[in-house]
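When you get a sec, could you build the whole thing from the sequences and use the hints?
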Amino acid sequence: MKATLQKEGQPAAATVEYLAPEVDIYETNEGYLIEAEMPGVSKDGLEVTLEGTQITLLGHRRQETVPGQALFRESRPADFRRVFELDPAIDTAKIVARMDQGVLKMTLPKSEEVKPRRITVE
Amino acid sequence: MAGWAGFGRLTDLRHEIDRLFEAPLAELSRSSNLLSGWTPAMDIYEDKDSLVVRVELPGMKKEDIEVSLHDGSLSISGERKGAEHSSSAEIYRSERFFGRFQRTVTLPTLVKADKIKAQYTDGVLTVTLPKAEEVKPKHIDVQVS
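So the sequences go chain by chain: Y and X.
Numbering-wise, my numbering puts 56 at position 56 of the first sequence, and it's gapless, one number per residue.
Numbering-wise, my numbering puts 120 at position 120 of the second sequence, and it's gapless, one number per residue.
Among these hints, one or two may not hold up.
[Unchecked claim] Simulated pairs of lysine-lysine, DSSO-like, Cα-Cα distance not exceeding 27 Å: (1) K112(X) <-> K62(X); (2) K81(X) <-> K43(Y); (3) K117(X) <-> K43(Y); (4) K81(X) <-> K112(X); (5) K105(Y) <-> K138(X); (6) K61(X) <-> K43(Y); (7) K112(X) <-> K48(X); (8) K48(X) <-> K105(Y); (9) K112(X) <-> K138(X); (10) K115(X) <-> K138(X); (11) K61(X) <-> K81(X); (12) K136(X) <-> K117(X); (13) K48(X) <-> K115(X); (14) K136(X) <-> K115(X); (15) K117(X) <-> K62(X); (16) K105(Y) <-> K43(Y); (17) K115(Y) <-> K43(Y); (18) K62(X) <-> K43(Y); (19) K48(X) <-> K136(X); (20) K136(X) <-> K61(X); (21) K105(Y) <-> K62(X).
Hints are computed from structural coordinates only; laboratory data are not their basis.
All values reported here derive from a predicted model rather than from experimental measurement.
Here it is in structure tokens:
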């Protein structure tokens, strides 16, 4: 569930712990749909970066001040991070991401050239 | 055209094995859908005036969440419904849980049942329960005679 990342040139103590969000991924003729669970992450806390064919989802939790002391705690305060390798057929200029109650919903359309087409017989 | 393997299903097993080794057992049974369905993470905080219960419920509809208080027990339940996808959609990964959940907790103090507030923001439900007057700490002046 968790991934530990270490920045280059930093001592091991400086590792950042992330939670890997649970995802659903669907493919249709039109493209892909990725849904990732990131409770506590608002639109402003979301960072989606594209590097070559790699897409990185990063969700920073909203920092909330909670009154008093914790009696019981199951949630983990770590931010969310997960990386996916993209199908080269995806038109990366048309990727759309939105947050809906702590769920990232991202549509990744395929480029027109690779979509199935009906060929008219003359 | 052959399916593209980038989001492949074969990695599901590896993912579960990674979880087995990385998570403490108690957390595993809480978070793994294989063992127990869906048990959303719950936090409880207390200050001198109120209790605050916070539950991670990403992707719910407000009307599908139920909060009730009975005999000093707070119960939070509901159902997460899956989005409808066309039958031609191919599923590459299916890690999210859809269905019913219920969490019940016995509150450590009396609360004012009519003053409970519940707020759902960014997939997190926050229930604020003001403490009953009789359990709040009181300052008693010492009289000198």
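Taking only the CA atoms, is the gap from K48(X) to K105(Y) under or equal to 27 Å? 39 Å, violated
CA of K136(X) to CA of K115(X), is that 27 Å or under? Answer holds: K136(X) to K115(X) is near 15 Å, not above 27 Å.
Is the Cα-Cα distance between K136(X) and K117(X) 27 Å or less? With a Cα-Cα distance of about 19 Å, the restraint between K136(X) and K117(X) holds, given a limit of 27 Å.
Given the hint that K81(X) pairs with K43(Y), does the C-alpha gap stay at or below 27 Å? 22 Å, holds
For the pair we were handed, K48(X) and K115(X), check the Cα-Cα distance against 27 Å. 16 Å, holds
Between the alpha carbons of K105(Y) and K138(X), is the straight-line distance 27 Å or under? Given pair K105(Y), K138(X) is violated - Cα atoms ~50 Å apart, limit 27 Å.
Can you confirm whether the C-alpha distance between K136(X) and K61(X) stays at or below 27 Å? 35 Å, violated
For the pair supplied as a hint, K61(X) and K43(Y), is the alpha-carbon distance within the 27 Å limit? Between K61(X) and K43(Y) the Cα gap is close to 18 Å, so the pair holds against 27 Å.
What's the verdict on K61(X) and K81(X), does the C-alpha distance respect the 27 Å limit or exceed it? Judged against 27 Å, a Cα distance of about 9 Å means the pair holds.
Check whether the Cα positions of K112(X) and K62(X) lie no farther apart than 27 Å. Within the cut-off at roughly 23 Å; holds.
So if I understand the rule, the pair passes when the alpha-carbon distance is 27 Å or less; does K62(X) with K43(Y) pass? 19 Å, holds
Take a quick look at whether K115(X) and K138(X) sit within 27 Å of each other, Cα to Cα. It holds: about 20 Å lies between the C-alpha atoms, which stays within 27 Å.
Checked against the numbered hints above, the structure breaks hints 4, 5, 8, 17, 20 and satisfies the rest.
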